[in-house]
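If you read the sequences in order, they're chains A and B. Note that my numbering numbers the first sequence so that position 28 is 28, with each residue one more than the last. Note that my numbering numbers the second sequence so that position 207 is 207, with each residue one more than the last.
Watch out, some of these pointers could steer you wrong.
Copies of the same chain look alike in the list, so a pair counts if it fits in one copy or across any two.
[Said to hold, decoys possible] No more than 25 Å apart at the CA atoms, straight line, and that leaves these computed lysine-lysine pairs for BS3-like:
{"id": "1", "residue 1": "Lys109", "residue 2": "Lys166"}
{"id": "2", "residue 1": "Lys195", "residue 2": "Lys135"}
{"id": "3", "residue 1": "Lys166", "residue 2": "Lys122"}
{"id": "4", "residue 1": "Lys122", "residue 2": "Lys195"}
{"id": "5", "residue 1": "Lys166", "residue 2": "Lys214"}
{"id": "6", "residue 1": "Lys214", "residue 2": "Lys5"}
{"id": "7", "residue 1": "Lys282", "residue 2": "Lys85"}
{"id": "8", "residue 1": "Lys234", "residue 2": "Lys5"}
{"id": "9", "residue 1": "Lys297", "residue 2": "Lys85"}
{"id": "10", "residue 1": "Lys122", "residue 2": "Lys217"}
{"id": "11", "residue 1": "Lys186", "residue 2": "Lys85"}
{"id": "12", "residue 1": "Lys217", "residue 2": "Lys161"}
Derived by calculation from the structure, the hints in this document are not laboratory data.
Number of protein chains: 2
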Amino acid sequence: MDYIKIFSPATVANVSCGFDTLGFAIANLGDEMTFVKTPTKRVDITEITGAELPYDINSNAAGVVVQKMLKDAKADFGIQITMHKGFFPGSGLGSSAASSAGAAFGVNKLLGNKFSDLELVKYAMLGEEVACNSKVADNVAAAIYGGFVLVRSYNPLDIVKLPTPKKLRLVAIHPQIQIRTEDARKVLPDQINLKDAITQWANVGGLIAGLYTKDYKLIGNSLEDIIVEPHRKKLIPHFNKVKNAALNAGALGAGISGSGPTIFALCESDEIAENVSVAIEKSYRNVGMDFEIYSSKINRKGIKILHSY
Amino acid sequence: MDYIKIFSPATVANVSCGFDTLGFAIANLGDEMTFVKTPTKRVDITEITGAELPYDINSNAAGVVVQKMLKDAKADFGIQITMHKGFFPGSGLGSSAASSAGAAFGVNKLLGNKFSDLELVKYAMLGEEVACNSKVADNVAAAIYGGFVLVRSYNPLDIVKLPTPKKLRLVAIHPQIQIRTEDARKVLPDQINLKDAITQWANVGGLIAGLYTKDYKLIGNSLEDIIVEPHRKKLIPHFNKVKNAALNAGALGAGISGSGPTIFALCESDEIAENVSVAIEKSYRNVGMDFEIYSSKINRKGIKILHSY
Chain A
1 MDYIKIFSPA TVANVSCGFD TLGFAIANLG DEMTFVKTPT KRVDITEITG AELPYDINSN
61 AAGVVVQKML KDAKADFGIQ ITMHKGFFPG SGLGSSAASS AGAAFGVNKL LGNKFSDLEL
121 VKYAMLGEEV ACNSKVADNV AAAIYGGFVL VRSYNPLDIV KLPTPKKLRL VAIHPQIQIR
181 TEDARKVLPD QINLKDAITQ WANVGGLIAG LYTKDYKLIG NSLEDIIVEP HRKKLIPHFN
241 KVKNAALNAG ALGAGISGSG PTIFALCESD EIAENVSVAI EKSYRNVGMD FEIYSSKINR
301 KGIKILHSY
Chain B
1 MDYIKIFSPA TVANVSCGFD TLGFAIANLG DEMTFVKTPT KRVDITEITG AELPYDINSN
61 AAGVVVQKML KDAKADFGIQ ITMHKGFFPG SGLGSSAASS AGAAFGVNKL LGNKFSDLEL
121 VKYAMLGEEV ACNSKVADNV AAAIYGGFVL VRSYNPLDIV KLPTPKKLRL VAIHPQIQIR
181 TEDARKVLPD QINLKDAITQ WANVGGLIAG LYTKDYKLIG NSLEDIIVEP HRKKLIPHFN
241 KVKNAALNAG ALGAGISGSG PTIFALCESD EIAENVSVAI EKSYRNVGMD FEIYSSKINR
301 KGIKILHSY
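Turn these sequences into a full structure, and let the hints steer you where they fit.
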């Protein structure tokens, strides 16, 4: 393979109760990227559209991932990359993860599938480190594996692909402010109550049991975050208003996507998703801030090949 | 029904990572109890064998449960109870839970199945409160539902029955000291590191995913407790020695059963369970303390009716 064009999905990390451990991929939101083999052993980013990102391959998440993989594989070729961002960095929807995971996936195809999915997650985490100053795996794992994923352990890295009940739909609102992952981490306490932690891990258990049994009520009841959301929601204008609007319109649950500001809701049908979308829009219409609303199925298969030769 | 004789199983609560939220029932260890309808509206405990427990119905866990249920059901009869303890109070194997859950189950049969399983858990929790000064549900829920259970929420109470992979076997050692649940709670900190909590809830997620997918390796990797075990193991003589012996002999994982001192191990086959049993026994043989070793399948169906008319 000399050329590959891919779609790398946006992702929702944390999923309320599962801070730093759960994530899922979004079907109709993401980036397009192309990777072309070149005879000279260098990595170049030749085009970036849709967002302002560095062309310098040591500052760009995708650039860092591609370099490291070519080096480790002792490849005798170089790669030219183009990136077409379908959504905004700093949205909390895994923008750098889509670039990093897409890069790992694309290069691996040009290398003849040398690496496993787990290894691709490890490479993509290098991109996350460059972009967010934090080597997290939840977004990149969701992008690579598709559907819902659990980052069971970092040392050693262990990713569990979870089932994705078919009726689940995502609705999300992205208020057009930017929150840096780094800043969203600073508002979190180092210490938490054991009592609260128990509540949280019981909900993680409930959410995962709900995904396996397609128990939408259990999924909804488990979508609660009493550890991180109380701190981070202060960074997001009108968070409570949006969350309540979503729940009142029938959403199973709602919370902060990744480090925000995007607020996500999970719904049990297209019809409810439509109602939630309308309710969320109404709740934000007059607050004097631009916003985007997304409505989507869950991406079940991860990164998709659009074209290759 | 005028008479019922039941078997109420011993249970392992917490299951390493799932402090206060996970539990499972043991197949071949538990209490036998009988309940007989009497025309006079009083509750009497007429016989207790196998352990020293109060006959006073306001101090005995089973007595408290039976009284409350008869009162709520406006029953026009009384009940005579006998209790034959098959294992020791203070072992960490849910002794009071077996009595409390058994009482709730037995009375419910004499009441014509008036209450749901969830309601039985609530009644049984009253017995736990009397016996342990703590209204926990993990042991009683495991005894009533059988197999593995998740206490997803206390308010409102929400119990999720989890699957029990068929090959799983339990081995446990009960060093003959007694630890009161109350004392075991006192050694725990009120506050924990957020970082540790994340590790713990990722393992809860992994354990539950492993139970659904019969992934024994994932179950084993997830049987880790970095929050409670480091504190409580100090109360249990030679804990590390036993745990290491179990793991070296092939156990999937090992930890403290409930509030201890019993140490449990989960294994993937009868053969491994036998090896683990031998290794644990060897590790404790010369420490100068009496002990009991148990080896069992997982109880999958909860409390069992032995006889009724």
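Hint check, failures only: Violated hints (numbers, rising): 1, 3, 6, 7, 8 and 11; every other hint is consistent with the structure.
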